[in-house]
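Student: Now for the letters of each chain:
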Amino acid sequence: MDWTLTPGVTTYAADIDRLYYLILVITGIAFVVVEVALIWFLIQYRGRPGRRAHYTHGSIRAEIVWTSVPAVVVVMIGVLSGGVWNHIRGRDSIPPDALPVAVAAKQFEWNVTYAGVDGQLGSDDDFTLRNELRVPTERPVVVHLTAEDVIHSFFVPDFRVKQDAVPGMNILVWFQVIEPGEYPLACAELCGLGHYRMEARVVALQPDEYDRWVAEQSNQNVASR
Amino acid sequence: MRRVLVPAVFLLFACAGGDQGGGAAESEDAAGGMTSTGPMGQATVSGMVRFDGAAPANPTIDMSEEPTCAEKYEGPPTDPQAVVNNGMLGNVFVYVKSGLPDGASYSPPSTPVVLDQEGCLYHPRVFGVMVGQTVEIRNSDALLHNIKAVPTANRGFNISQPQAGMTTNRTFNTAEIMVPFECNVHGWMRAYTGVTTHPFYATSGEDGAFTIQGLPAGEYVLEAWHELFGTRETTVTVPESGSVSVEFTFSPSAS
Amino acid sequence: MATTAATFDQVSHANVDTRSFLRKYVFSTDHKTIGIQFLILSLFFLAVGGLLAMMMRWQLGFPGQAMPGGGVLPDTMAPGGILLPEFYNALVSMHGTFMVFFAIMPLLVGVFANFLIPLKIGAPDMAFPRLNMASFWIAVPAGLLMMAGFFVEGGAAGAGWTMYVPLSADPEYSGVSAGQTLWCMSIAVLGLSSILGSTNYITTIINLRAPGMGWFRMPLSIWALFITAILTVLAIPILSGAAIMLLFDQTLGTHFFLPAEGGQPLLWQHLFWFFGHPEVYILILPAMGMVSDVIANGSRKPIFGYHSMVFAIMAIGFLGWIVWGHHMFQSGMNPTLGMSFMISTLLIAVPSAIKTFNWLGTMWRGNIRFHVPMLHAIAFVAMFVIGGLSGVFMASTPVDIYIHDTYFIVAHIHYVLFGGSLFAIFAGIVFWYPKMFGRMMSESWGKVHFFLTFVFYNLTFFPMHQLGLGGHMRRIYDPTEYEFLQPLQGMNQFISISAFLLFATQIIFAANFILSWFRGKKVSENPWEDTGLEWTTPSPAPHGNWPTTPTVYQAPYEFSHPQEQTKDFVMQTDKLPTTSPAGGPADR
Numbered sequence: 004m005d006w007t008l009t010p011g012v013t014t015y016a017a018d019i020d021r022l023y024y025l026i027l028v029i030t031g032i033a034f035v036v037v038e039v040a041l042i043w044f045l046i047q048y049r050g051r052p053g054r055r056a057h058y059t060h061g062s063i064r065a066e067i068v069w070t071s072v073p074a075v076v077v078v079m080i081g082v083l084s085g086g087v088w089n090h091i092r093g094r095d096s097i098p099p100d101a102l103p104v105a106v107a108a109k110q111f112e113w114n115v116t117y118a119g120v121d122g123q124l125g126s127d128d129d130f131t132l133r134n135e136l137r138v139p140t141e142r143p144v145v146v147h148l149t150a151e152d153v154i155h156s157f158f159v160p161d162f163r164v165k166q167d168a169v170p171g172m173n174i175l176v177w178f179q180v181i182e183p184g185e186y187p188l189a190c191a192e193l194c195g196l197g198h199y200r201m202e203a204r205v206v207a208l209q210p211d212e213y214d215r216w217v218a219e220q221s222n223q224n225v226a227s228r
Numbered sequence: 148m149r150r151v152l153v154p155a156v157f158l159l160f161a162c163a164g165g166d167q168g169g170g171a172a173e174s175e176d177a178a179g180g181m182t183s184t185g186p187m188g189q190a191t192v193s194g195m196v197r198f199d200g201a202a203p204a205n206p207t208i209d210m211s212e213e214p215t216c217a218e219k220y221e222g223p224p225t226d227p228q229a230v231v232n233n234g235m236l237g238n239v240f241v242y243v244k245s246g247l248p249d250g251a252s253y254s255p256p257s258t259p260v261v262l263d264q265e266g267c268l269y270h271p272r273v274f275g276v277m278v279g280q281t282v283e284i285r286n287s288d289a290l291l292h293n294i295k296a297v298p299t300a301n302r303g304f305n306i307s308q309p310q311a312g313m314t315t316n317r318t319f320n321t322a323e324i325m326v327p328f329e330c331n332v333h334g335w336m337r338a339y340t341g342v343t344t345h346p347f348y349a350t351s352g353e354d355g356a357f358t359i360q361g362l363p364a365g366e367y368v369l370e371a372w373h374e375l376f377g378t379r380e381t382t383v384t385v386p387e388s389g390s391v392s393v394e395f396t397f398s399p400s401a402s
Numbered sequence: 003m004a005t006t007a008a009t010f011d012q013v014s015h016a017n018v019d020t021r022s023f024l025r026k027y028v029f030s031t032d033h034k035t036i037g038i039q040f041l042i043l044s045l046f047f048l049a050v051g052g053l054l055a056m057m058m059r060w061q062l063g064f065p066g067q068a069m070p071g072g073g074v075l076p077d078t079m080a081p082g083g084i085l086l087p088e089f090y091n092a093l094v095s096m097h098g099t100f101m102v103f104f105a106i107m108p109l110l111v112g113v114f115a116n117f118l119i120p121l122k123i124g125a126p127d128m129a130f131p132r133l134n135m136a137s138f139w140i141a142v143p144a145g146l147l148m149m150a151g152f153f154v155e156g157g158a159a160g161a162g163w164t165m166y167v168p169l170s171a172d173p174e175y176s177g178v179s180a181g182q183t184l185w186c187m188s189i190a191v192l193g194l195s196s197i198l199g200s201t202n203y204i205t206t207i208i209n210l211r212a213p214g215m216g217w218f219r220m221p222l223s224i225w226a227l228f229i230t231a232i233l234t235v236l237a238i239p240i241l242s243g244a245a246i247m248l249l250f251d252q253t254l255g256t257h258f259f260l261p262a263e264g265g266q267p268l269l270w271q272h273l274f275w276f277f278g279h280p281e282v283y284i285l286i287l288p289a290m291g292m293v294s295d296v297i298a299n300g301s302r303k304p305i306f307g308y309h310s311m312v313f314a315i316m317a318i319g320f321l322g323w324i325v326w327g328h329h330m331f332q333s334g335m336n337p338t339l340g341m342s343f344m345i346s347t348l349l350i351a352v353p354s355a356i357k358t359f360n361w362l363g364t365m366w367r368g369n370i371r372f373h374v375p376m377l378h379a380i381a382f383v384a385m386f387v388i389g390g391l392s393g394v395f396m397a398s399t400p401v402d403i404y405i406h407d408t409y410f411i412v413a414h415i416h417y418v419l420f421g422g423s424l425f426a427i428f429a430g431i432v433f434w435y436p437k438m439f440g441r442m443m444s445e446s447w448g449k450v451h452f453f454l455t456f457v458f459y460n461l462t463f464f465p466m467h468q469l470g471l472g473g474h475m476r477r478i479y480d481p482t483e484y485e486f487l488q489p490l491q492g493m494n495q496f497i498s499i500s501a502f503l504l505f506a507t508q509i510i511f512a513a514n515f516i517l518s519w520f521r522g523k524k525v526s527e528n529p530w531e532d533t534g535l536e537w538t539t540p541s542p543a544p545h546g547n548w549p550t551t552p553t554v555y556q557a558p559y560e561f562s563h564p565q566e567q568t569k570d571f572v573m574q575t576d577k578l579p580t581t582s583p584a585g586g587p588a589d590r
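Chains as they are written, first to last, in the working numbering: chain A, 4 to 228; chain B, 148 to 402; chain C, 3 to 590.
Keep in mind the hints are simulated off the structure, nothing from the lab. Please read these numbers as outputs of a predicted model, since none were measured by experiment. Take the hints with a grain of salt, since some may be wrong.
[To be verified] A partial selection of chain C residues facing chain B, derived with a Cβ cut-off under 7 Å:
no.	residue
1	Leu86
2	Pro87
3	Glu88
4	Gly177
Positions of the beta carbon are idealized from the N, C-alpha and C atoms, including for glycine.
From just these sequences and the hints, can you work out the full model?
Tutor: Pasting the structure below:
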């Protein structure tokens, strides 16, 4: 059983993974303590003729200890998690210079509209690709996530990004990729019979390569539908 | 799926320009019982569909993320929304809109119409089918296709065929012009079927030609439908026997 | 005890049971019969839910291959035995629906609340016996409605047991129409059954406790069932209302949830989970309560920290209302709410931890008997801990970004619901079987069933944690479509085979259950040497439970009391030299 994660490739992936490993250690210790105690008691206190159980109704002190220790531990986990959550999803979390890209989820495809050379969504040099999301590294990107029909979910495991796409809502999701490469995008919310096959390819390019590609595509103006 | 318990009626032949629909209705007595095929004639209505103006460019399909289909094409595939050759328009569905004798009823043939999915496109794109006649939907691509029919008068369906070789049969119970089909996995895929209560329909070929056989003598209104350019109507007087010509002209304004 | 038996025999001639067959076994108002009726109904649906899971696991383990026996299924579900994606989605959704609503919930509540409450508090029956009968007979058509979904055009509802809108509300998106309508109707009808039952449980516990059965002399199973009934009566109406709103959106053109005309898809989620989270505590609290009874019995010791246990049950019941948003962290809900829900969710781990340590404390310095119910109860503690600890990962909103809607969640659900609730149900069925049927289930076959189930269960569900950490999404018909999931396919196959073996093992339990009914060892009142009131009456318990209302003198778990040296238990109806008069405070 492998509890390690393949490292993520965005700036906040390491923060998420650090929290994961912290919780893994804490719950791992709790697991071992409880299960070992359980097995120990079952062996040590198995019924034998002539023995009698120890008659007690409990211990207030024990109750206090095993109430307050878990409480302190979980509150600590909460506080640490809160900081990371605020950084990723907080009110002012989206970097102002983030590059916008529109991802429209539908049964069962991802239609990605790029801002084109001018970097503005909704202008004439925009172009749309099917099932292909290209992003630059070293620069924050903000996805404008929409859904045409039912709820889908924008899940890029390597980015540690997941956000439900809800019809009627335009949700902003930001990330900054560190490592160029190709990564899978999967739909993570049951959306119908084609849900299992709603995959797109995410390609992270070095910034100058990305800019070249955008210019090329803008000129070709490839429409997918 | 309703099977009409009447002897089979056959739609047959390929006329010039393709294997689109239309044809003589022969009655075949399958169970030795009564036939209930409606009135037929000897005449042939042959026609042309012209396109007057500059043909719009068909959009290119981005199949780059669907290699199983993309590799079936030489260059980037285009979506054949407007099939225009030398001023002639294909994939126009022509059918008898009115004029058949009162009470005429025609039994659907037992041979199904095959709707194939190949190269992530529907083949045929436009076709006719009779009420109660089986549409046999086939997947010839080794990947998931989803067939969604979105009619207004009939019951729709939304089904899948995840593997090549799968076939599914469906029928329509009510006349409807036209029932669209779409695939949600491949958003560009479109097909259209005209569901009629009679066998007098045809789809124009690449050369714009079509033929409707076996109409009884009389006066009829024919309608021609195209997915982009709308509909056109014309009246035609069909003789007892022999041939009569009909023409439709479409132009590049949106439907 | 001999005195009681003689009295009962003398009186039984006066209280002759004159009910007809129909009144005694079919339309019975006797809480014990109703409990057994629920038992048969729920075990049937447990089997149905399991069968659906087996088909799912076939497809996951061997994607796209024809399923053995699949030829009997129609082409709309599995042409040539190959499951279609839409059928797979229906299987997933119906597995969850049947297991939650028609198996676990009625097994814990319909069976044990009905059977145990009057017996363990000293009442002759429930406060409203006819309402109780109605509660069962309403559940039956609800079950039939749900099953009917598989037989209509478009198939059964396939939007997950959670039925998120718009997929569930618009047949154009799902291909399902009548199936969804049936789901909504079934849930509304079942909701009525639950509400009627719970009203009864609450009223009975408040009003019909025998003299001396003070609140803090009630066994923990009854406390748990009491809190559960309160949760039920408050939460189920929300689900029923939401299901009806969904039904209207789907069939009548309303737009509570459909966004096209201004409806809110997230409203469905809020309503569903506002019900749904208390629901999962409904699914675990009675299990915890029964496990407490069994562990005290098996350890021959009082429950450690009885009062803390009661307050923990109340805390779980209360906190359960303010955590629902943790199902919606990634839903598009305001992220600020993510913070508050995270805190409440983390806090609810605390009362569960308290209970776990108290169970351990009960076993500590006990004199443990490893009878079959005790084995299952021990497994409950061991497995519930895993399920609870995995929940901590999801409670942390940033970690949830990664593991939401993956198999890590599926692992968590099954550790708490199977490793937790179902093992507790096995414990409860075996433990109270003699009181229901007058015979014991086979001890040796019970042990075989326990060990095999425990092994195959862990082999099936533990690897799902790893699938989830690898990014394996939920509700995926064919994982091999994704290159990054292909390395995990071997594990999917392993899980499927373990699941098949797990399912097959349950045949042992079914055979034991059925055969013991006819051939099990007959027993007298108290085969487990337990302290509860139900063990002061014959096995099976007669109509009316006792000839006269018993009087309670003791706390619920007086095992190994120093003043009782001839045996290691003191029943709640026994007097000891230091016992205070009836109605006085519990001896502590």
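Student: Which numbered hints turn out to be false for this structure?
Tutor: Checked against the structure, no hint fails, so every one of them is satisfied.
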